[in-house]
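J.: In case you want the letters, here they are:
Number of protein chains: 2
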Amino acid sequence: MNWTLARRTQAMNPSVIREILKVTEKPGIISFAGGLPAPDTFPVEALREATDQVLSRDGRAALQYAASEGFGPLREAVAAQLRAQGMGVDADQVLITSGSQQALDLVGKVLIDAGSRVLVESPTYLGALQAFAPMEPSFAAVPSDAEGPDPEALHRLATAGTVPARLAYLLPNFQNPSGRTLSATRRDELVAVAQRAGLPLVEDNPYGDLWFDAPPPPPLAARWPEGCLYLGSFSKVLAPGLRLGYVVAPRAVFPKLLQAKQAADLHTPGFNQRIVARLLDDGFLERHVPNIRARYRAQCAAMLAALEREMAGLDVRWSAPEGGMFLWLRLSAGLDATALLPEAVRAGVAYVPGAAFFAEAPDARTLRLSFVTASVEQIDRGIAALANVVRCARAQSPDAPAAAALDTGG
Amino acid sequence: MNWTLARRTQAMNPSVIREILKVTEKPGIISFAGGLPAPDTFPVEALREATDQVLSRDGRAALQYAASEGFGPLREAVAAQLRAQGMGVDADQVLITSGSQQALDLVGKVLIDAGSRVLVESPTYLGALQAFAPMEPSFAAVPSDAEGPDPEALHRLATAGTVPARLAYLLPNFQNPSGRTLSATRRDELVAVAQRAGLPLVEDNPYGDLWFDAPPPPPLAARWPEGCLYLGSFSKVLAPGLRLGYVVAPRAVFPKLLQAKQAADLHTPGFNQRIVARLLDDGFLERHVPNIRARYRAQCAAMLAALEREMAGLDVRWSAPEGGMFLWLRLSAGLDATALLPEAVRAGVAYVPGAAFFAEAPDARTLRLSFVTASVEQIDRGIAALANVVRCARAQSPDAPAAAALDTGG
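First to last, the sequence lines map onto chains P and D.
Everything in the first sequence is counted per UniProt numbering, starting at 1 for the first residue and increasing by one.
Everything in the second sequence is counted per UniProt numbering, starting at 1 for the first residue and increasing by one.
Since the hints were derived computationally from the structure, they do not count as laboratory data.
Values in this document were obtained by computation on a predicted structure and should not be read as measured data.
Do not take every clue at face value.
Claimed, not checked - DEER-style ranges, computed between Cβ atoms: (1) 346/P / 40/D: 55 to 65 angstroms; (2) 81/D / 16/P: 30 to 40 angstroms; (3) 73/P / 45/D: 17 to 27 angstroms; (4) 255/D / 255/P: 28 to 38 angstroms; (5) 16/P / 90/D: 21 to 31 angstroms; (6) 90/D / 18/P: 12 to 22 angstroms; (7) 164/P / 81/D: 49 to 59 angstroms; (8) 396/P / 163/D: 17 to 27 angstroms; (9) 72/D / 1/P: 20 to 30 angstroms; (10) 312/P / 281/D: 49 to 59 angstroms; (11) 16/P / 294/D: 44 to 54 angstroms; (12) 342/P / 255/D: 18 to 28 angstroms; (13) 188/D / 342/P: 52 to 62 angstroms; (14) 317/P / 255/D: 16 to 26 angstroms.
Quick reminder that beta carbons are idealized off the backbone N, C-alpha and C, glycines included.
Next comes chain P alone, as it looks inside the complex (with noise of 0.2 angstroms):
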């Protein structure tokens, strides 16, 4: 039998990460590597007790088909925790999603065409990439500085051509994989540039609950709630097992996005959005998202203290995030963080090559580390381990200058 695929499955690949994630998924291996909150912080308890709630009380309603924008009182709990940031948003401009992940596709099917610009940060989010993929969009990567995006460039790739971008897809808080966070004047200014261009914003928030210090800026769609789609999710504040997320969209493209869902898979399961709803009710995640967050910033602050005595004089730079669950990382010069990443798994430890969240022009020095299912021990063990990996590597280097020399004078 001979199968004809549709022309859009050639844009669609086997995920680098999970690829990366099976070599290095080995016992014995410090992985810096995966994407997942740290289990520890799942709140197994106060789940079986709201699944017991739910079972009791409206068991046979929890497990039959249900409405496809999502539970009532669960888009009434998202309304009502975003309008607390400063957002203006009704329920019933809330969909619920499998997942932010099914938000991306979703977002897709109704905003890309084949050939549709898509402008993305440098780096990106890597299931955004392959969400957007089986739509057949143009990606185009926006030039960043050090607070991001920068909007110039953005309002040069929005009106470039002879069409314009369909949509830019931005995550400003905490960024996966830069850790990166937008201050409040940049996204002024690139909110200015896309109402100037009239370009649709796709602002993906799955790790804005996160922060370590302080609350990051209020959301791009509390600026310019007619222009922007806003994605959240449960997966890092409650447990991704769970495939709970949202997208809040402009009266004018719900309906797209709604008819998209019900074709899509119907509804998202009724018996999770209920059990959710029922914690949110109850107030749980005021107290528990506290701490998730002193775990992180805790964990965050060993990397960063293990980076500052392992990595010295190595000519290595690496991100302070104010929140979330990566690091990133630039190797010296004339490393490449996929050629090394053998070494470093032989040596112990893992990460996730930095190429593969580059939609243009990838930077092979670059590299993400997740600093939150580690403990403090293993990310002292795991960085001092990496820093001899670059260590041997810039010995072997012709571009880098001699290890020795560095060390000596680091």
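Following the hints, complete the assembly by docking chain D onto the known chain P.
T.: Below, chain D without anything else, positioned relative to chain P:
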């Protein structure tokens, strides 16, 4: 703000049925319109126990991100179940999806290009039309006789035109909406024709376990594993609110379906998958499903008896399904089920007009009745009310023979 939507959104529409259900779900209406399983059959207590066990034993794993293919033991259990029905299936050919609706979405993404010819039954499952529509196929309805789709017509449509049809979508058991089941002979003939034409078959089987007196013949996929995609679901045998289904694919197609799944929502909730895996492991379905069968069988018999009693002499024809949830009815000549619906609702009874289920040449006289959510007493009253509506309409219809004449002769 002026949003530019993707071209495919023009092919996406609000569900007709959904709109109808809004009208018909008024208090006091006896509704045969829904497509929902009977909620009294949902095993709330068994699910509570299974959930408790999953959270106690593997809580953190159940709540973490998981493999896009699905939870291993669930894939194994599905494969074992299908092998018992005569299919040669390995667990690694089973992709767990968020309901079988999502399997349709993934199949559409992987097999359908804009303009691809897609063959469907006449009538066919509306949800499949909706799932495929965003990929912008050109639907062609295969003419049927009393036994189901006509094999020679299938061959003609598969090979007509310059480009072969991309797939044929078939629902062989207790079809939604017609209630029809394909005989073993017809299955052989359709598979032989598809093999000859190199036409992939997408076999959807959400109702196969709900047989009344005897299981349906083995699936098409058992006859031609390398040319069929086989879709199944736990929605009708356990509960739809868990959103668990699957697609079994030959090795030539599986990797692309998996990539599409990963891009669509990363994975189906591991929490839900483990709950159902536990129930299957425990042999729960073998004890549970016979109760659903007995119940639906009795309700179907009650509806058939009511139709015999009430529709006598009204020139109405209906199917006698051997399982499933639906019965298909064809009104007297000159009557239009869509036009008649408001009158039926006024008389306190609701159904879904059949026209929505046709990709081409809708038969306006047809309508779908669900026999699973109404009680026997409601079935009796509802069918009597429906017969009255038909009787009055016939009296007013110029095309139909006078009702009085038929009543005395019936």
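J.: So, against the hints stated earlier in the document, which numbers end up violated here?
T.: Hints 8, 14 contradicted; others consistent.
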